[in-house]
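> Those protein sequence lines, which keep their order, are chains A and B.
Residue 251 in the UniProt record's numbering is what sits at position 251 of the first sequence, and the numbering runs on without skipping anything.
Residue 375 in the UniProt record's numbering is what sits at position 375 of the second sequence, and the numbering runs on without skipping anything.
Keep in mind that the hints were calculated from the coordinates and are not lab data.
Check each hint, because a few of them may be wrong.
As the list claims (entries may be wrong) - Facing chain A, from chain B, some residues (calculated, C-beta under 10 Å):
1) Cys46
2) Pro47
3) Leu51
4) Phe120
5) Phe123
6) Glu206
7) Asp212
8) Trp216
9) Ala326
10) Glu330
11) Glu333
12) Phe337
13) Phe455
14) Asp480
All values reported here derive from a predicted model rather than from experimental measurement.
Beta carbons: idealized from backbone N, C-alpha and C, even for Gly.
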Amino acid sequence: MEGFSKNVEACPRLLDLIPKERELLGDREDERSSSEEKKLELRLGLPGEDWPLKNTRERDMNLNLTLLGQVAPPFLTFPSSTTPPTATAPQQSLPVMAKESSQPCCNKAVVELQQCAEKKAFSPPAPANTAVPNSSQKRTAPGPVVGWPPIRSFRKNLASSSGSYSKPTVESLNKPVETCKKGLFVKINMEGVPIGRKVDLKAYDSYEKLSSAVDELFRGLLAAQIDSSSNGIMNKQEEGKAITGVLDGSGEYTLVYEDNEGDRMLVGDVPWHMFVSTVKRLRVLKSSEVSALSRGSIKQEKVPGNYVNKLR
Amino acid sequence: MSEDDDRSPSPNSITDDSSQTRTYTTGSGPGPGPGSSSVLEYLAPCPDQVLENVLENVLWFLTSRKDRNAASLVCRSWYRVEALTRSDLFIGNCYAVSPKRATSRFTRIRSVTLKGRPRFADFNLMPPNWGAHLAPWVSAMALTYPWLEKVHLKRMSVTDDDLALLAESFSGFKELVLVCCDGFGTSGLAIVASRCRQLKVLDLIESEVSDDDVDWISYFPDTGTCLESLIFDCVECPIDFDALERLVANSPSLKKLRLNRHVSMGQLHRLMVQAPRLTHLGTGSFSPSEDVAQEHLKPIISNCHKLQIFWVLDSICDEGLQAVAATCKELRELRVFPFEAREDIEGPVSEVGLQAVSEGCRKLQSILYFCQRMTNAAVVAMSKNCPDLVVFRLCIMGRHRPDHVTGEPMDEGFGAIVMNCKKLTRLAVSGLLTDRAFAYIGKYGKIVRTLSVAFAGDSDMGLKYVLEGCPRLQKLEIRDSPFGDAALLSGLHHYYNMRFLWMSACNLSNQGCQQIAQALPRLVVEVIKHEDNLDMDENVDTLYMYRSLEGPRDDVPRFVSIL
């Protein structure tokens with residue numbers, strides 16, 4: 001591919017970048033240093049972006065608009081292989097996928113131009129869907145494709161590079177608060193119950209609603225817990241008694257929270273919206289334990305050891 | 001968990017495949033529910049009864065589900081008795097049959113295997129919360145299978161509440177295996193650990209486990225456990241090592257232990273001292289700081305003459321694979337994973353490694369090989385050198401890459417595989433492929449059950465070749481390939497014989513999918529949309545369709561429409 005390289009280094013016009021057919025399948029080039037690759041890397045998608053494939057496709061279309069023509073290697077017989085991409089690219093969504101893949105060198109050529117100091121003939125495919133008939137080119141603009149290569153998330157995070165497509169796990173490590181598109185989810189644990197839950201604080205607008213949600217979430221679980229520790233058989237009929245008075249200290253349990261500074265606070269003292277903006281985690285503790293707390297810096301406690309015994 | 005490990009091909013059997021539901025769809029069995037015969041009568045042994053008693057005693061010994069499915073089709077009596085004597089329930093698609101139907105027919109089940117999401121969901125090709133909830137199953141089983149001992153799940157959504165119900169409902173519960181599952185956390189594990197006193201196996205494989213700040217290891221009983229296998233390398237949360245050490249010391253039957261990356265080498269050593277009976281030891285996820293360098297690996301490998309299963313990162317390089325080929329003559333299964341899963345790098349393994357392995361490891365049955373470059377010659381060589389291949393999965397990570405020496409498409413290589421490997425049942429293709437490759441698959445891949453296609457093919461013909469040519473095809477997953485409605489329609493004769501078909505980012509339209517749905521009423525045709533593109537437009541992002549006795553499921557999220 002020597003001849004072609006020279007062309008590129010002279011920053012040729014677009015048409016010059018598109019080689020004759022055989023050149024596409026010519027000798028493989030030697031590999032270049034990866035540091036150079038990284039310099040020239042053109043990423044068209046956000047790293048880690050996964051589901052919105054559609055957006056990636058739109059970017060492809062923009063990329064294709066600057067091309068003037070294309071060449072299909074003889075063995076590829078795509079239906080639209082002779083039409084210029086500009087005519088077809090912007091219109092369709094899904095069919096464009098196939099058509100774009102019929103343009104083996106176009107996107108690469110455009111990327112070439114942008115990089116302007118290419119040694120290899122072709123850059124890697126533009127995001128998502130181009131056909132790349134050559135295998136040896138320096139891959140400079142891989143653009144993330146959803147789910148490709150097909151490696152599960154946990155295996156992908158081995159290399160320290162940024163090419164990690166692991167899906168943002170809903171239950172991230174040690175992160176008590178996730179803001180999904182629509183909710184503010186906060187972990188909530190109840191003393192004596194090993195199953196933690198999550199509440200969407202955006203679903204409530206007052207402490208009263210939160211308090212009744214706590215009752216709903218944990219009543220059954222707590223009943224099961226008490227039941228099982230006494231006679232080992234889960235009595236499904238028993239509803240368990242309601243969990244009330246969590247806000248004012250009058251009930252058996254009290255609701256506390258951990259704020260963004262790590263302090264443990266009683267729930268209900270500050271206006272609701274202020275609470276929502278600072279809360280990181282909720283806990284439902286025995287009121288007897290809570291009376292020992294005061295506002296301010298309290299060391300975070302793990303689940304106390306005594307309830308481990310309850311389950312045995 | 002993989003069905004490729006179950007090698008009991010019966011080309012002459014009535015049913016093509018092993019799924020439970022096959023027996024239903026032929027329609028030759030009686031209606032659901034052997035209600036009246038759930039209790040055998042010993043009081044008046046008329047000849048029929050005697051026959052049934054004899055049959056029951058004989059059928060207990062039948063373990064292969066293919067054989068059982070066949071037996072159940074003989075007549076009503078056999079159907080009934082088979083249902084009474086089946087103890088292992090395998091459901092390859094949790095939506096193919098409802099929990100109620102399954103638990104009504106089979107009343108004496110001890111072990112349940114359930115599979116949920118399609119495999120491409122693992123690679124983010126499906127939005128979360130698609131379905132495959134364990135909840136309805138565990139509720140139904142809690143009522144009907146009090147003696148349930150084993151639950152094996154793959155790609156199911158399991159909540160902590162499900163685990164709690166499981167732990168509480170089955171007093172003799174022994175084995176829990178969760179592969180590629182999600183939705184639960186360490187809370188659920190704690191409950192299982194503390195309540196399932198007979199637990200022998202707790203295997204968490206490639207599952208997502210949330211950190212609920214519960215030290216679940218410490219919930220195992222202090223007095224001793226029956227644990228034989230504990231696998232939790234996918235659990236990302238730190239654990240209390242002392243609790244783990246105590247657990248190992250208290251588990252005299254422990255043979256398999258796979259830890260997560262929060263256990264250091266020193267700690268691992270302490271554990272090994274406590275458990276000399278270990279036969280399988282996993283040191284957890286790979287940590288880049290503890291790189292096993294080439295130089296260290298080679299001498300180790302050159303001593304592993306008996307190695308049969310080897311999973312390794314591609315940092316082993318072609319050289320390392322050559323060492324494997326030179327030594328591991330008994331190798332049956334090889335998986336080479338990419339250290340860096342990108343398309344734009346050189347890649348440390350190539351056709352050289354594959355060729356070497358093919359020459360050295362003649363008994364190879366299963367291979368999964370990720371690489372950046374490949375040649376037809378090496379693939380052809382493997383097809384000739386390894387005639388026992390059952391699973392051939394080659395992933396050339398650069399999309400549409402041809403043979404990097406000749407520039408040709410990879411058609412000939414994969415063609416040789418289907419032609420020469422007469423036992424091949426699972427195939428995954430990659431690289432630049434034209435319709436020709438699919439013609440080969442259709443022509444020679446007569447026992448292929450699972451086919452995985454990505455970024456391949458030229459036209460509808462490709463898919464047609466496969467659908468018309470592969471009578472044993474059960475699982476077909478395709479992404480980003482130019483197959484359209486015409487191709488889809490060419491498979492109408494076959495879809496009831498398949499467990500599922502997945503096609504994403506192909507050329508399908510709603511109309512085409514609608515035609516399929518109308519022609520095949522027992523097929524559930526799901527059109528899955530991107531979450532930010534919920535308008536109905538003609539193009540189908542993802543089609544996932546599967547046969548089912550139950551019709552459209554009732555837990556459909558809003559981004560799925562069932563035609």
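> It remains to establish, for every hint, whether it holds in the given structure.
Right, here's what the structure says about each hint:
1. Cys46: 42 Å, violated
2. Pro47: Since the shortest Cβ distance to chain A is 45 Å, the answer is violated.
3. Leu51: 41 Å, violated
4. Phe120: 7 Å, holds
5. Phe123: Nearest chain A Cβ about 3 Å off; hint holds.
6. Glu206: 6 Å, holds
7. Asp212: 4 Å, holds
8. Trp216: The hint holds - Trp216/B has a Cβ within 10 Å of chain A, the shortest such distance being about 8 Å.
9. Ala326: Violated, about 27 Å.
10. Glu330: For Glu330/B, the interface hint is violated, since the closest Cβ of chain A sits about 26 Å away, which is over 10 Å.
11. Glu333: 17 Å, violated
12. Phe337: 6 Å, holds
13. Phe455: With Cβ-Cβ at 7 Å, under 10 Å, it holds.
14. Asp480: 6 Å, holds
When held up to the earlier numbered hints, the structure conflicts with 1, 2, 3, 9, 10 and 11 and fits the remainder.
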